[in-house]
Amino acid sequence: MSKPEAATPRHRRRPGRVPWFASVPALIIAALFTIGPLLVVIAMSFMTRPAQGGGVVYEFTTDAYRTFLFTKNFTGDLVFNTAYVEVFWRSIVQATITTVISFVFAFPLALWIATRSAKLQNFLVLVVTIPFWTNLLVRTYAWILVLNKDGIINQTSLALGLGPQELLYTDLASQLGLIYTFLPFMVLPLYSSLSGFDFRLAEAAYDLGARKMTVLRRVILPMAKPGIISGLLLVFMPALGAYVQPVLLGGGKVLLMGNLIASQFGDSRNWPFGAALSVISLLMLALALIGIQLWARRSGTKVSLSL
Amino acid sequence: MTITIDPARRSRRAMNPKSFPGVGFIAVFSLVFLYLPMAITVIYAFNAGDQALIWEGFSLQWFVYVMTNHAIIDSAVVSLKLATAATVISVLIAVGFVLSVEELRRRGSAIATALLTAPLLVPEVVMAVATLAFIRIIGLQPGFTALLLAHATFCIPFAMMPIRSRLQGLGTEVFEAGADLGATSLPMLRRITLPLLVPGIVSGALLSFVISMDDYIISAFLSSAGSTPLPVYLFGLIRRGANPAINVVALLLLALAIAVTTVTYLAPTRKKRTT
Numbered sequence: 001m002s003k004p005e006a007a008t009p010r011h012r013r014r015p016g017r018v019p020w021f022a023s024v025p026a027l028i029i030a031a032l033f034t035i036g037p038l039l040v041v042i043a044m045s046f047m048t049r050p051a052q053g054g055g056v057v058y059e060f061t062t063d064a065y066r067t068f069l070f071t072k073n074f075t076g077d078l079v080f081n082t083a084y085v086e087v088f089w090r091s092i093v094q095a096t097i098t099t100v101i102s103f104v105f106a107f108p109l110a111l112w113i114a115t116r117s118a119k120l121q122n123f124l125v126l127v128v129t130i131p132f133w134t135n136l137l138v139r140t141y142a143w144i145l146v147l148n149k150d151g152i153i154n155q156t157s158l159a160l161g162l163g164p165q166e167l168l169y170t171d172l173a174s175q176l177g178l179i180y181t182f183l184p185f186m187v188l189p190l191y192s193s194l195s196g197f198d199f200r201l202a203e204a205a206y207d208l209g210a211r212k213m214t215v216l217r218r219v220i221l222p223m224a225k226p227g228i229i230s231g232l233l234l235v236f237m238p239a240l241g242a243y244v245q246p247v248l249l250g251g252g253k254v255l256l257m258g259n260l261i262a263s264q265f266g267d268s269r270n271w272p273f274g275a276a277l278s279v280i281s282l283l284m285l286a287l288a289l290i291g292i293q294l295w296a297r298r299s300g301t302k303v304s305l306s307l
Numbered sequence: 308m309t310i311t312i313d314p315a316r317r318s319r320r321a322m323n324p325k326s327f328p329g330v331g332f333i334a335v336f337s338l339v340f341l342y343l344p345m346a347i348t349v350i351y352a353f354n355a356g357d358q359a360l361i362w363e364g365f366s367l368q369w370f371v372y373v374m375t376n377h378a379i380i381d382s383a384v385v386s387l388k389l390a391t392a393a394t395v396i397s398v399l400i401a402v403g404f405v406l407s408v409e410e411l412r413r414r415g416s417a418i419a420t421a422l423l424t425a426p427l428l429v430p431e432v433v434m435a436v437a438t439l440a441f442i443r444i445i446g447l448q449p450g451f452t453a454l455l456l457a458h459a460t461f462c463i464p465f466a467m468m469p470i471r472s473r474l475q476g477l478g479t480e481v482f483e484a485g486a487d488l489g490a491t492s493l494p495m496l497r498r499i500t501l502p503l504l505v506p507g508i509v510s511g512a513l514l515s516f517v518i519s520m521d522d523y524i525i526s527a528f529l530s531s532a533g534s535t536p537l538p539v540y541l542f543g544l545i546r547r548g549a550n551p552a553i554n555v556v557a558l559l560l561l562a563l564a565i566a567v568t569t570v571t572y573l574a575p576t577r578k579k580r581t582t
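From first to last, the protein sequence lines stand for chains Z and C.
Take 1 as the starting number for the first sequence in this note's numbering and just add one per residue.
Take 308 as the starting number for the second sequence in this note's numbering and just add one per residue.
These are calculated hints, taken from the structure and not from any lab test.
Hints are not guaranteed to be accurate.
Stated by the list, open to error - With the Cβ distance kept under 8 Å, some of the chain Z side facing chain C (calculated, not the full set): (1) W20; (2) A26; (3) T34; (4) L109; (5) A142.
In this text, a Cβ means the ideal position worked out from N, Cα and C, and glycines have one as well.
In isolation and in its complexed conformation, chain Z is listed as follows:
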């Protein structure tokens, strides 16, 4: 089915643009390599696990989803098993802590940058953008050095007579890594919504008798709302599926959604179960997205995902 030729004035092409079929390659790639794989994962989550090895057998079953909630006991009855639910819960908790702490540091930083001179603002944005584009493995590795037994934290702790601390390969290390890697993702959208703020409005609020905290809460925070929403999207969603930080800094001891899914796809593992976990995590993210969107709509802000 083809689009009618651009004959009516309504369909006349805008000057400088190219015909509609130039967007076809993009759509084909997106359909093939975004929608295609997701459909395969959904289908795979309803398939049977082969007797041995990885892969799937094309036979419909909901076993994979049952594995998520139940386990078979000695007599072969299904009993409720919270192990996997706990992994998902732990991911939600870590992603939430990451988002909240990132915001606690990012908001003052973004506000501080926004109140500098124009020239300094440009430079500081550059300073925050560099970690944003630095290789994730590099940023994670840097924390291995910091938390290492010979690292600065342990050196300081020894110098203060507090003795060596076991920091690397813990929950805390994985959490710190998440906050570190996602902090710039929160600062940049917050800054972009605060940078246009006219601080004479804050001055007006003071003249009307408002205190610092009131101005922050009732004047500046509402201005930052679009940035807060983008920041939420850019931090919470990827933190939920994090893989590199829990594996490298948590030493594989910290089991989160991301590494649980990845571990199901090794050889002689349970592919249908991994697919089911993927589908469940996608549903969770969709719910989170809907929640963010509802909150945004209620406060009259448009959700946008731009850097």
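For chain Z, the structure is supplied; the task is to place chain C on it using the hints.
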């Protein structure tokens, strides 16, 4: 000498609309937090000893080690080839898309844009396992082709964003003027549209390149023995523990990030100043 505090002045300073209690302190702390670990990484790349964190003097021996290590060089070459190819593909596709998406019906154009930005919202692990399962079904094996297709897919949204915002920033007047002066489709595209899009295209290309060089998870699932990108190899090294050679690779990747960020950042400003 006595210091007198003018009460009026003091209260005005306390009410400086741009200053908030604690904000400067947390801001500076956050910047230190962002840069201290990377500074340590960079410093220890010059360590003479073979322990990652025991300083034994300045040396460039680890740079020599990295530059002559075949495994590291080979994986870096795979990464560079992959990133270059993925960038070219994704920029071409993104330019075509950005210039034509508004020609689709309104709803079609919204759906198309959502479809193209979807990879940003799907967790990388899920995209990785899904793509692995998918390429098996269409008869591909993990390897360079599979890597290239996956990388091009997730680079497209990053290539698209700056190009689209550049096009939106241009407005319609310049194209209307071109049309009034008789420019037809092809000369318009070649002489007006594309040259004006160059800053957006440069940023889009640099972002795609960095995003491709950065990717670990998707690459880990799609790489094969002959085509292991640098992050996949680096991940294996890091899992074996800290080592000054990793610091050197980290320093080089950090230098790439600084170069790319500075270029994307300076390009539009310079343009604004000269015009």
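Right, here's what the structure says about each hint:
no.	hint	verdict
1	W20	4 Å, holds
2	A26	4 Å, holds
3	T34	5 Å, holds
4	L109	4 Å, holds
5	A142	3 Å, holds
Comparing the model with each earlier hint shows no violations; every hint is respected.
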